[in-house]
Amino acid sequence: MHTSLLLASALLLQSQPMTADAIGVLRHPSAVRGLVCTNDTAYVLRDDGWVAPYALETRKSETGIRFPGEGVAIAMDARQEYLAVAYGFSHVGLVDRKTMNVTKILPLEGAPERLVFAPDGKSLVVALMDGNLVQLGVPQLDEIRRTIPTQNSRIIALAAAPTGKTIATSDREGKICLIDATTLATQKSWEASDQHVTALTFDSSGNLLGSGDQSGEVKMWDVRRQTAVSSDKTFHRQLIKCISFLKGGIVVTGGHDGLSQFWNSILLDNGNSYPDYRGFINASATSPDGRWLVRGGSYLDFVPAESPDKFHRVAEYGGAITSVVVDKEAKRIATAGVDQRLMLWTIEDQIKVAGIKADQPISGIGFCNAGRSIAIGLANGEIEIYSIGNLAKERSWKAHDASITGIAAENDVLASIADDGSIKVWDTSGNLKHSTSQRGPCRCVTLTRSALAVGTVEGKIFLFDVTKELAAIPLPGRPLTVTCVKLSTNGHSVLVGYMDGMIEHFDLQSLRRLSRWKGDGSSVLSLDCNDYGSVIAGFRDGTVVGYDTVDASTRKSIVPIGRHEQRCVAWLFGERTFVAAGGSNSATLFKIGSGSTVSSKKAR
Amino acid sequence: MLIRIHVGAFLFLGLFAFCAVTHAQSPAVVEVDSDDRSALSQDKKSALIGTLSDKDHGHVVINCQGTDRVWDGNILGGLKDLADGRTVSNPKVVDRLNLVINEGRDKKKDGELKITDASPEMAKAYLSNYIARGAPVTYSWRHSELAKIKWYQVPVKNDVSTLIQNYNPPVSTTVADQNLRCNDLVQQVAPDIKRLVFDDSAPKRNDLVLTANEIDAGLRAQAAITEQRNANSSDLPAPPPQTPVFRDVSREVKVAPKPGGVVLHPTAVIEGLNAEDVLEASYDQSKSMLVLKLKSGSNLTASLPANDFVVAVRSIFGKNVDPSLSMESTDEMKGFHSVIYTGPLFKTRFGEVLYEADDLLGAIMFAYEGSHRAVVAEIVPHYRRLSCEAHFTMLVGSRVFLRVTGARFGARGQELVCDGVDSRVEVEGLGTESGYYHNELIRLAREIDRHFPEIAEAFGQFQDLYRVAQSVSLAKWIKQNNITFDWEQVARGAIESGNVPAFSPASEWSILFNGENLDGWSTTAGSDEITAKLDIGTVSISPASDKAVMVLFPTWYSNYELKYTLSTTGPIELVVRADQDHVQGTATVNSLQVPQKLKLFVEKNAWILNVGQTTTRGQLSAPNEDRVGPNRFGISVPPGSTATIFNASFRKR
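Line by line, the protein sequences give chains A and B.
Start counting the first sequence at 12; every next residue gets the next number (the numbering used here).
Start counting the second sequence at 120; every next residue gets the next number (the numbering used here).
Hints are computed from structural coordinates only; laboratory data are not their basis.
Heads up, a few of these hints could be off.
With a cut-off of at most 30 Å between alpha-carbon atoms, the simulated DSBU-like pairs for lysine-lysine come out as follows [to be verified]: (1) A:321 with B:228; (2) B:228 with A:444; (3) B:373 with A:258.
With beta-carbon atoms standing in for the labels, derived distance ranges [as the list claims (entries may be wrong)]: (4) B:738 with A:140: 51 to 57 Å; (5) A:51 with B:362: 57 to 63 Å; (6) B:174 with A:245: 23 to 29 Å; (7) B:357 with A:245: 52 to 58 Å.
Don't be surprised by glycine CBs; every beta carbon is placed ideally from N, CA and C.
Bound conformation, chain B alone:
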């Protein structure tokens, strides 16, 4: 990859301070964000490989060039087999093939196709389509696994598409083999993988057939080496604190009337059971079982883990509060949120569950960067735009919390089974603005609510939250119905210890580009001065007149970090910082049509631009202390150049 960087700091009509031309080093294995896949997979000299290890043999895929779809060796091999008149019998592979051939079909209207019914001619057509387009990543992994997938950019010598087209899968000798071709495909596309894996984490055996778990481990080790090498050579500023802070003192409060977090006050509804029919309730901790003894003489039991139910009982009976956890702005520790909670959550697994659910909820609602975005975007239509719009339009600070409102149970024989947990994402203005409705954030909340069952299924954090909510709901039900219950004995039960942070890092990366348009940014270019092309996940802009197009984003911070994934034809300027009147510094970059990840650090009056192992520095021209309005940053595209934006994110320093 060749990049050219020109840097300078100047007032509007100033001159470049100096210029530099830098050649990047030969590419190594680099871990990339899931959001950057469609951009970085355009590079013909590398392949993007997705890996996820598991307790069996793991799974690997190749990202299709220029998209966020993937080629899966198991699917490709299966289609080849069928096209060649062979059969596919591995059920997992058959399931995936069925997903592929039904993509875009309305099953209710058009019926469902079965791969087992396909003739070799049909299979050839499916194969040809699959080679051209691949398939969504959700056909290779479940929603709940998506956030755990790691993506690596690996150097290749040959064009990936050509290799896919010419791929000949190994002949399967067993049914199980049909589900292992993913490993072979990855090694065919990137033959260096085998050397890299054996160099750094040689499997402790003699055969040379790698499993997906071994590929995952090898690429992870190689990516760590690359990251360390880049960090050593570029001397970049240390990131803000990333790890939670624990304290040996409880952060429990009596009541948290305005939580920014999660609140458990679910009402249990037990279908077919009248509370008056229950004689007494007891909890057998050795079996993790709640027993409702009925007046009829029979019992109903509910399986509830002791780590959940004991804390629920301590909270509902002992403290008389709904368990809740809240993260709030604080002056106690700079760069962190204060974590407070109601109920005896200190050093409990229960408290950890609430913390992790709240952390994820905040990331989803406030447009923070992370692997969760790709998963939620698969589930909630237009999630990227909705979350960015809610973020960009926030004039009055808002509080978001997840309120678990109910749990529904039904009797299956003698067992009480949870049929579902209900929750709602609540939004309101902060402090005295609690009567204010931020329409865009509320709209996002309702969309999240509408799809929350699927979201909860995709994220272990919410599954755990729903699980502990079941215990809380039944504890509340027992109390509300005055059922005989020795709660003190249950509350004394021993539970595993957990770790609830006292302070949570507050230095999240905020997403600035919604993947659909330039909302949140502003430009003085009118409709006759800007040419724009909106594509899936990208926006390309260029001037339509002889004036440069400047696209800027506001911030009230003076010190910040930016990450851009950009592709340019011709040079463009990164506007490092500008106030109302002056551009205080720019850096000129030209990616020569190859999507590049750029990192920009702005602190005090200096800036650092980093691209891979190349780092350049500059000074800003103005002190930025007496400004009236916000700072701005962004890009300026001169006539003759085009900038394609794939990603942009911001973090305050």
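Chain A with its partners taken away, still in its complex shape:
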């Protein structure tokens, strides 16, 4: 997140556009970030801030806690009393492991990236993004001291010996430092690699240190002599993220190539490879009794140490958000996508979240029944209605014979479109009110009051009045897929986005084109318009751009949010806050900088 914001700032300076700051991120779970393990429970930190305990035998998830921000790192002390979690941009939280209650939250000056408990459990050592290593007392999390192991470098990996008082760090120069956990004084250091050393783990004796680097090379170090006992770079193809020592001298490495490599001994001369062929591994942990290895990244696996090929896939993560809707009071935001998850975010003092997992990828959502329910459209052609209160399924029905490509809702009216060109209008009980079909798949839909607009792959836009039999009023269109349509809040005009990035704005009374904005080839994937005539558009190349329907010459680059598609944008509060989501599998809330708006003129 920091990286993308820095990039955004650089670009903003070049073009002098309005500024927009990220004020929050609503994440769908996309990865496991950290793991710790007792003999019977694995504690899983996800990137969306959840820490969830899982029983190893039953693989059932018990009650977890959610930290408000991105989950970064997790650690457990040797006595298994506490879990420490680094999250968000600057926080560390301490959790009583048995009760799963948060006992202490500490805001830090700097972004925590890694943390370990000192071997004696009396302190927590946190590596910050600026290269500082901070020692915090447990359980008060009071800062005891801080140091920078390598000047002008970040700490790339951090490990604590299980006994004694040594911790190890690595830096961008490929150097490993052994540090006294009490004084944070560097005791020894040596050049370990010409690459970033991205993983460090001590064995149970503390005499052996495993390292893995950016190129996929694994090394075993004799800690006392700082010499490499063994090394291998013939198995892993990408950077190593984790190393675990199992009983019997078995070493397990994992990383971005998704390969779980079981080495027969610390000599790294032979072993068994368990590639998953897709996804990545971020973290691994072993149960102290040696029975289980838990590995996580784009999936979560519980692996019996005795028979690694008979692992249990507990969960899979990742996807892209395809739909975002905001309720009328802007108190609730719903997000959904190809990970089949519907997440409902309630914005009060804090952001609360609830979610369900559907059986199919979700291609459209809409608040209905005066905001008391939410409808989702699925890839198998079904519509499901959930209550807002507890996300219990109220009803579902087969709406189309083909994949639903979008739905729109307004009070108790639902409109759904599908790949087979069908357009249907329902009440929220599932009664079909009207239906029609067009040649070629329907791609996007918008509903405001009684006006319904549908865009198709054939480049056509059809307008309907849902209170009557569906008789289409066509707009001229262009010979490219209409990738998004959005009716103005009063239903008097419609914005149309195309595959090549052009946006056209039509008056619905005269069917005359009011304005247009040329594209640069990158598809417009989402559009929203507020009461003031300000338009935001999300593009395939990761940018969000603002337009003013009053002054059509206005085209203001708000923020290039990232590399991935902005499949959904929506205004939140008036004309200063919006949400953008898509290929990153998260929705980011932005506040437009003070003194700037999208529109050149205020409310008409």
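Mind docking chain B on chain A? Use the hints.
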């Protein structure tokens, strides 16, 4: 065919450098891409003939004008017979007739019609409909044969439709004759065929009745002559390397955790057999048979070719890896992909199977030109659009691989028979972007998955892959269940040698037109400035105002080749290359409403435009070295002209 070519290179308001008017030579036999059939069959002075030889007598059809449907002499003859009150008894012909009369009917809802129940009046109606529309090519060949059909444009003197309407099939003296009228129809439509065939590959016999195999051979020879003549006269740049490179060193790696290819790690599920009931397993290579000796005293056998099973055993038992093959970008050899594999696949037929399956998978998923497209498009609805959209929307590089996940077996008496193989097309972002989901590519993958059994049936490459997967699954099953098995003895078995390339050509033609709309292209023309007509497989565009409509496609390459199949009314400009600010070169073409295939070569600052035997050259006006954004190419249609796009494809040079 008359074409006019005007060429020029200019900045936005520059002048034409020079003009030329060229008359094409008289048409000869030309081999055409299957994708160009609906375009090129519009030419009234030629017929498009589809041929496929086989071990019997082969088969030939005539392409219906302006469509990708065909007239089949056997079907036409059968309908004529029935309309005239005669009978049709050849089962193959009856099957085809039944397909024709049931086209578009919902068999479940409306029931199935039988041609044998048709009265002569009904047959006349069917005949009239067939003469007007022909039928899908899948009614004349099986899916698995479609990719092998060759299409030839052959000069004719008379209108094909009229000939079809007036066609009188030869009277059949035997039942077999009813299945040979396809040869007669083709010769009636294009009488020159007989002369061409006898000129170049005279059948070694005295009668003058040609078989489809002979027509296929004759047209193939004639098309080769035409191609050579065009190449000699036009002096076109040599194509990029097209053939794989072999090396005498194995490209085996210990593990390929992120393959872009095919991975075999199928789990065998054997219905009705408990592994604990198996005493031991053995393999009889002389009979290509795996024998599972049961504790009950009986045996279960599975027929597994030695070329498959021996390599599977070497891989699963000897190397402890799933066999996989991957093609990856490389700096080792420019213009090629590096081929690597896990398992002992070097110089094996097994390795060839994986290579060929991967090559086909890449072509299907990444919208490469080839005969596979027509076949997949028959099976997967909207395949052309889905594959192009996945290609055009790719911002982050993605990796695609086919994972064979399982094989299902059941006992039939004492024989173990495979009831099906399961697989899944996997997609993920490259490198550190492996968590990224490219929705459009994933959507294509799921559609391919949904129809993969039919796709596998249509392509021998996937059938072979599924066959070797059976051996791998049973080898894994034996190992996982610790069944007594002398794997070392099996692994020592001799197998046929095969040839797995070390480097695979990476110069594929990418399809740029999805056949439905102009997605992937961009135009500054708004909805009130462009008139468009979307038809099956074509898009026609013309300006709706006094401004020309320019439709451009982006590329980051400076050197490339383009192929267009276009028809124009009036002159249009081919934009050879443009950067953000300038058009660097254009060529004006006018096909006079006849669909034409145009080839454009752009290298350094020069370009060559080729239409048949006519070649023109030009220079680009800007060096194109300091540009910030991508290059663009495309067409510009001035007021008064219309351009109809049938096909467009791109290849980097």
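How the hints compare with the structure:
| no. | hint | in the structure |
| --- | --- | --- |
| 1 | A:321 with B:228 | 48 Å, violated |
| 2 | B:228 with A:444 | 26 Å, holds |
| 3 | B:373 with A:258 | 25 Å, holds |
| 4 | B:738 with A:140: 51 to 57 Å | 53 Å, holds |
| 5 | A:51 with B:362: 57 to 63 Å | 60 Å, holds |
| 6 | B:174 with A:245: 23 to 29 Å | 48 Å, violated |
| 7 | B:357 with A:245: 52 to 58 Å | 39 Å, violated |
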